[in-house]
Amino acid sequence: MNNEKNSETWKKLYQNSQELTKPTSIDNILSDNDVTFLKQELKNIINRFLDKGELHKGIKVYINHALQNGIAEEMAANRSEEHETIEQWCMKLFGDQKFGVVFNSLETFSNEFTERMCHIVAPLLQNAGMPLGGLSFLFFMGNYGFTPFGIHKEAKGEEGFLFHLGPNHKDFYTWDIEEYNQIEHNTKVFHEVDTMLSSSTKYPLKAKSAMFIPHHVYHIAKTDEFSLSVVMDYINPSRDYLEKTIAKQIASSELIKNPKVGYLPPVDITTEELDWNSLLNPKTWENKYKSTLTKYITKLKSNAGVLNPSIVENKEGLLNPPFQIMGKTIFPLLLHTENTEKTCIMARGNEVVVSNNSQLSTIIKKLNTGETISFDELQNHLTSTWELMDVFDFVSQLARVGAITICKE
Numbered sequence: 002m003n004n005e006k007n008s009e010t011w012k013k014l015y016q017n018s019q020e021l022t023k024p025t026s027i028d029n030i031l032s033d034n035d036v037t038f039l040k041q042e043l044k045n046i047i048n049r050f051l052d053k054g055e056l057h058k059g060i061k062v063y064i065n066h067a068l069q070n071g072i073a074e075e076m077a078a079n080r081s082e083e084h085e086t087i088e089q090w091c092m093k094l095f096g097d098q099k100f101g102v103v104f105n106s107l108e109t110f111s112n113e114f115t116e117r118m119c120h121i122v123a124p125l126l127q128n129a130g131m132p133l134g135g136l137s138f139l140f141f142m143g144n145y146g147f148t149p150f151g152i153h154k155e156a157k158g159e160e161g162f163l164f165h166l167g168p169n170h171k172d173f174y175t176w177d178i179e180e181y182n183q184i185e186h187n188t189k190v191f192h193e194v195d196t197m198l199s200s201s202t203k204y205p206l207k208a209k210s211a212m213f214i215p216h217h218v219y220h221i222a223k224t225d226e227f228s229l230s231v232v233m234d235y236i237n238p239s240r241d242y243l244e245k246t247i248a249k250q251i252a253s254s255e256l257i258k259n260p261k262v263g264y265l266p267p268v269d270i271t272t273e274e275l276d277w278n279s280l281l282n283p284k285t286w287e288n289k290y291k292s293t294l295t296k297y298i299t300k301l302k303s304n305a306g307v308l309n310p311s312i313v314e315n316k317e318g319l320l321n322p323p324f325q326i327m328g329k330t331i332f333p334l335l336l337h338t339e340n341t342e343k344t345c346i347m348a349r350g351n352e353v354v355v356s357n358n359s360q361l362s363t364i365i366k367k368l369n370t371g372e373t374i375s376f377d378e379l380q381n382h383l384t385s386t387w388e389l390m391d392v393f394d395f396v397s398q399l400a401r402v403g404a405i406t407i408c409k410e
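Residue numbering for the sequence shown follows this note's numbering, starting at 2 and increasing by one per position.
Keep in mind the hints are simulated off the structure, nothing from the lab. Glycine included, every Cβ here is placed at the ideal spot set by N, Cα and C. Treat the hints with care, since some could be wrong.
[Unchecked claim] As a list, the in silico DSSO-like pairs of lysine-lysine whose alpha-carbon atoms are at most 27 Å apart:
id: 1; residue 1: Lys23; residue 2: Lys6
id: 2; residue 1: Lys157; residue 2: Lys99
id: 3; residue 1: Lys203; residue 2: Lys23
id: 4; residue 1: Lys291; residue 2: Lys343
[Unchecked claim] With beta-carbon atoms standing in for the labels, derived distance ranges:
id: 5; residue 1: Ile251; residue 2: Gln89; range: 46 to 54 Å
id: 6; residue 1: Gly263; residue 2: Lys343; range: 45 to 53 Å
id: 7; residue 1: Asp28; residue 2: Gly130; range: 22 to 30 Å
id: 8; residue 1: Pro322; residue 2: Asn17; range: 47 to 55 Å
id: 9; residue 1: Ser106; residue 2: His66; range: 21 to 29 Å
Kindly generate the complete structure, drawing on both the sequences and the hints.
The structure is reproduced here in structure tokens:
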């Protein structure tokens, strides 16, 4: 799908959802190439998960609507063959049983998967903005009939986008009814599916379709034959949650030793009232909060809104020169300098720290437009201040987080 058509499709979804407040579906938001690529990456993700060995984390398996433990071990013992599709592998594992598999935090297993999804949803962020709780991805697969955990709704602020990969269709049911919308998340789940269907709205989904579900709307899906769906959580946090997140980051940051700042005196234990002006400096707190919040948002922007930073790959040595590097416009490199000695570049949610260089901003601007830069050009710009090894280190750090592409000239 070309970018212009994709942008128009997202604009239509945004309008039909009344700016992400009403459930809606739309066809052909994915291309055939997207579906093929994502299915292969999901297979890769499953294998990486099994390789990692932490089989109790991030996966739930339901058989005949009952949550089962120990199935991940069975998956690890019966890996998919290279020629097998996910569907063929699942049929080998589960036979004629009704099964469902839910797998969380896909972005922590594949930079390539995340990059493709970020390209797909980029027009959404242009229309709706970047959520401060970030984006996260999971997938459902199986032939489980109705969703095993019943008619449910998401946590407050967690808007859901389901991308259906097929091969078979999925029916989605929603209850956008005021009486149900007012019920708090996690206080009520309905299992009387048959009796409630008559009051629902049905959305038939085929491969390449997408479904939007606001956090306040009860819903359930039905998949009688095997299918795969990727779900994106678009998370708008409460002010309280964001403040606590930033406070934790302030608390975990390294103490800055300043010899000019004295220590606080002891507190008089006989007085009931504290002298807050001597204990706290409101301006210092405000500056710390603003600085940490700015850093948090800059990280999100550098990662196209995805909360978890990209995987840092243990890549072997760089190509020998001459080579070229190219930036990724979807993941802008953003400067965030907290001290005068070093320069911090946010790259796909990671901090890349290098020595200062007055020509660095020129290189970064070119990379952010997707321009290709030769090794000679890198040298010409950067070695007036840096050693050659610093240039290699700069390129290596960006490559390891998946922020640039390196190719032979």
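Each hint tested on the structure:
Distance hint between Lys23 and Lys6 is fulfilled; the C-alpha atoms sit about 23 Å from each other, no more than 27 Å. For the hint linking Lys157 to Lys99, the alpha-carbon distance of about 31 Å lies beyond 27 Å, and the restraint is violated. Among the hinted pairs, Lys203 with Lys23 is consistent with the structure: their alpha-carbon atoms are about 14 Å apart, no more than 27 Å. The straight-line distance between the Cα atoms of Lys291 and Lys343 is roughly 20 Å, inside the 27 Å bound, and the hint therefore holds.
Distance hint for Ile251 and Gln89: a CB-CB separation of about 50 Å, consistent with the stated range 46 to 54 Å. Separated by about 27 Å at the C-beta atoms, Gly263 and Lys343 break the suggested range of 45 to 53 Å. At about 25 Å, the CB distance of Asp28 to Gly130 agrees with the hint of 22 to 30 Å. Here the CB-CB span from Pro322 to Asn17 is close to 51 Å, well matched to the stated 47 to 55 Å.
Hint check: Ser106 to His66, Cβ distance near 24 Å, so the stated range 21 to 29 Å holds.
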